[in-house]
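The hints should help you fit chain V onto chain G, whose structure is shown.
There are 2 protein chains.
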Amino acid sequence: MSQIKNILFVMYDQLRHDYLSCAGHPTMRTPNFDRLAAKGVRFTRAYVQSPICGASRMSFYTGRYVHSHGAAWNNFPLKVGEITLGDHLRKAGVESWLIGKTHMSVDAEGMARLGLAPDSVIGARVADCGFDVWVREDGLNAEGPEGFYDEKRSPYNEWLKGQGYPGHNPWHTHANSGVDAEGDIASGWLLQNAVQPANIREEDSETPWLTRQAMEFLSQPHKAPWLCHLSYIKPHWPYIVPAPWHNLYGPADVVPPVRDAREKADPHPVYKVFMNNQAGQAFSKDEVREAVIPAYMGLIAQCDAEFGKLLDFLEETGRMAETMIVLTSDHGDYLGDHWMGEKDLFHDPSVRIPLIIYDPRAEADATRGTTCDALVEAIDLAPTFVAAMGQPPADHILEGRDLTPFLHGQTPAWRQAVFSEYDYSGMALAGPGYLDMEPEDARLFMVFDGRWKLIHAEGGFRPMLFDTAADPDEFTDLGASADHQAEIARLMVLLNDWARRPAQRTTISKAEIKGMRGKSRRVGVIIGAVAPEELAPDLRAKISGRPERDYR
Amino acid sequence: MSQIKNILFVMYDQLRHDYLSCAGHPTMRTPNFDRLAAKGVRFTRAYVQSPICGASRMSFYTGRYVHSHGAAWNNFPLKVGEITLGDHLRKAGVESWLIGKTHMSVDAEGMARLGLAPDSVIGARVADCGFDVWVREDGLNAEGPEGFYDEKRSPYNEWLKGQGYPGHNPWHTHANSGVDAEGDIASGWLLQNAVQPANIREEDSETPWLTRQAMEFLSQPHKAPWLCHLSYIKPHWPYIVPAPWHNLYGPADVVPPVRDAREKADPHPVYKVFMNNQAGQAFSKDEVREAVIPAYMGLIAQCDAEFGKLLDFLEETGRMAETMIVLTSDHGDYLGDHWMGEKDLFHDPSVRIPLIIYDPRAEADATRGTTCDALVEAIDLAPTFVAAMGQPPADHILEGRDLTPFLHGQTPAWRQAVFSEYDYSGMALAGPGYLDMEPEDARLFMVFDGRWKLIHAEGGFRPMLFDTAADPDEFTDLGASADHQAEIARLMVLLNDWARRPAQRTTISKAEIKGMRGKSRRVGVIIGAVAPEELAPDLRAKISGRPERDYR
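Residue numbers (my numbering), protein chains in the order written: chain G, 1 to 552; chain V, 1 to 552.
Calculated directly from the structure, the hints in this document are not laboratory data.
Quick reminder that beta carbons are idealized off the backbone N, C-alpha and C, glycines included.
A few of these clues could be false.
Stated by the list, open to error - Derived coverage of chain V by chain G (criterion: at least 3 residues anywhere in the stretch with Cβ under 8 Å from a Cβ of chain G; other residues may be distant):
id	stretch
1	80-89
2	178-187
3	493-505
4	518-530
Said to hold, decoys possible - Heads up, simulated DSS-like pairs for lysine-lysine below, C-alpha to C-alpha not over 25 Å straight-line:
id	chain 1	residue 1	chain 2	residue 2
5	G	514	V	514
6	V	514	G	272
7	G	519	V	272
As the list claims (entries may be wrong) - Examples of chain V residues lying across from chain G (beta carbon under 7 Å, computed):
id	residue
8	146
9	195
10	408
11	487
Bound conformation, chain G alone (with noise of 0.2 Å):
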């Protein structure tokens, strides 16, 4: 019987659901994002459990919602207490690796209450969402007038020092900008310079690097079986790419934006502010997809590429067979889709993801090469990871479901709907002189069932309502159509049911609890007997006898 030694898990920062040959874009070209397609099963409707960086992986690496594990927005810390997928790996002997980014964000309030010191074992992995770190590379090193974005150490950074890069800031300077024509810095900040290479030899630019980290990992011998997150950058902006992939793509290989004039005409107030500030209109512009999506497939080329050469290294040491290899990502992109910029919102350009799983074992031979269309959660990976190690995942903890009847070709009892959440209360469009939100208020739940799909927002708005059957382009908002409201009304009792689920019982699993029932009164806990003809011989037993001493 083969077995699963170890799990490469790969993810991508940003890389939108279709933008994969093997998914049917017509011109970006991905052969090895396919070979693993050909090799394993693709999951067609697989979801994030928040269309953002941090919230998205926070639900990857603990398995559990947004609203279960709280840290809902980006720099929300994950609070110190909550169990990841690394404490479940540890409990199956298997260690887990961090290469890359995670965006987590310490509660370091939460460790100092509890005496954790960083520097420790057990302190760091809580620092880094449960994971041993090979190397943490955030790679979010922006720099602006009132300091850096984020205050730690970027190895990557240090490293391209250590190649001579010039500056205090190389990964700005030159993995993330050009050169104009002037010979000045052509920031890859602004979106204009997105047709530029970047100012760095291909070599030492973010993908590469990362995967020359991953090369060495796979490289050392390991005593014990573990799990690899190799958890990339990019495509995430800055959209720019060093030659020669700033120019493999042109504005030929555009495809035409998804978007409608109805979706302007009577939006919802939500819906509109997030369209109309600087990434919506920027991206509404035609010449700025021209130049940045062009830019966009280039990095996801050299993904593609780095990719092949981990496949390449896998199969040439004979670890194919006992790999399990995933690639995802943590949310889409917009790109002008919906007169929208980024992501945050549940448009399926946003809030779907690319997900592929390659099983090794023989009971998934039946399954390579072919699509699952289950709606999927991006929590569903980690009791996956779980379980092919062989161990139960523990299920009054982990709330997304093990997908490995899938990859064995079951069709197993499924959800009924896949749940998403979005918590814009840190962003300014919450704030004065835009939406003037509470951040309780600034809130919105996506519910999904296949078809229909409900966006309800906090705050008192109306929600957003899409028939993705008779409207798969998501341009129709069904939300105020009186015609609706018994489908509305349908969908609201799948999220309230879900609201109401009890996602803190944590430290009881459920053979546990039936365990406990009506075993009190063998312990002695005696509640409602009158008289003693009521017990068993031996309870009653235990409770009589003749005492030594009167004090009455």
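Chain V only, in chain G's frame:
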């Protein structure tokens, strides 16, 4: 300006809201509880977050709903990482001490995962829901054929042995048993024995022993301000009390049961199994009520007398001016009302509690001896204590609300409804032969808006509904009434809005969230800008310049 230096937080166990003379009981006399009510405010509509010891207490001690902390039934551990009243008060420089019961079950697996040693200062606090332990005595030294219910060391039992009480469990054989006509142990576990005096010297019984522990605490010098949680074990079962309290009350003092034949006609399926369990059956018999209730009243009278000693001491030592005093209970006791024994469900005798708060500050002078009928929850005490110590309660963690305005004669905008929960998944009646339910389904939620009380049952049952204006005794369950479906729907909206609240977003305050808005660009994250003209000059300067080298 007067200041609160210390807080004496007195909790009784299973003390009904209406078994105080100041609450209008016709025969029960509680002169010392009434003394406190004359100095403070008595809250007439205070409700617990769950009518069961463990879950209710975890809500008192965290200031959070059961749905938030997850310790939903007795011996479901409180997960490591949950922030306690003690943690909040320590941030204000206030010590939190425990004397008596918590019914806390430790998350040993979570502590091991985080490397928290039970014998470290922090580990001990985590294991005792945030308190430093003066003495912990849960008072449940039950023993059956399969061992002790509670394996923890019992300081009280050890003390009894030291006083010469014989046997290995004098808690049972002396403190909680009498002697029958043959000279044998008349166990307090059997309701027929409630009429006996306990076989113990009065001053050695549990309530005086705990009072002496408190006196010792109060007599010590304390460097820091403190909260002392004096948590009595009584009048909780076993229902037996030493002389002279055992015959202070008799059958003539027993008020008639609040029950009606209509309740048995077509009861809700969950109510039916509770009503039919052994406690319900027993307490439905008049002879049981006439035996037990005088003992229960004797236990309360003893509690009241001991409380008087505390008040005397504080008055004599001039401490009343600096000490806030709170008197409450973790839940009530049906005592045969509604054909029920014990607690568990949401009729007022079970879920409603006594609550008296004495605030020594001059601002409270105008409210002394008054009552307040605002809808109050057990979780309101934690923020009230934090506020009393001069700190703003952390409202992203604490879900209750500061009661100080009511103490100071104000009428703040207030909540629409109170919520309570009951998880019966670990009870025999959820298992085979009874309701036979999965652990996620065996849960109830109560919403009470001051008039209408809705009980929503998971697992596909219809709801229960009471109109307490037309039916103050809660005899008529309107849950199946066609005329009341709109009322049920309205209350379900309140419940579901509550269920979707961001209860786990505890690592970032609302002020911090508001402070994030629009700040990322000032640290260099530029999203949606096409050309440099769109940037502020200082930001533009930050990303510009001339690169020293050209690598393209």
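Results for each hint:
1. 80-89: holds (count 5)
2. 178-187: Check passed, 6 qualifying residues.
3. 493-505: holds (count 9)
4. 518-530: It holds, with 13 qualifying residues against the three required.
5. 514/G x 514/V: Judged against 25 Å, a Cα distance of about 44 Å means the pair is violated.
6. 514/V x 272/G: holds, 21 Å
7. 519/G x 272/V: holds, 21 Å
8. 146: holds, 4 Å
9. 195: violated, 12 Å
10. 408: Residue 408/V check fails; min Cβ-Cβ to chain G is 25 Å, beyond 7 Å.
11. 487: violated, 17 Å
Hints 5, 9, 10 and 11 from the earlier list are contradicted by this structure; the remaining hints agree with it.
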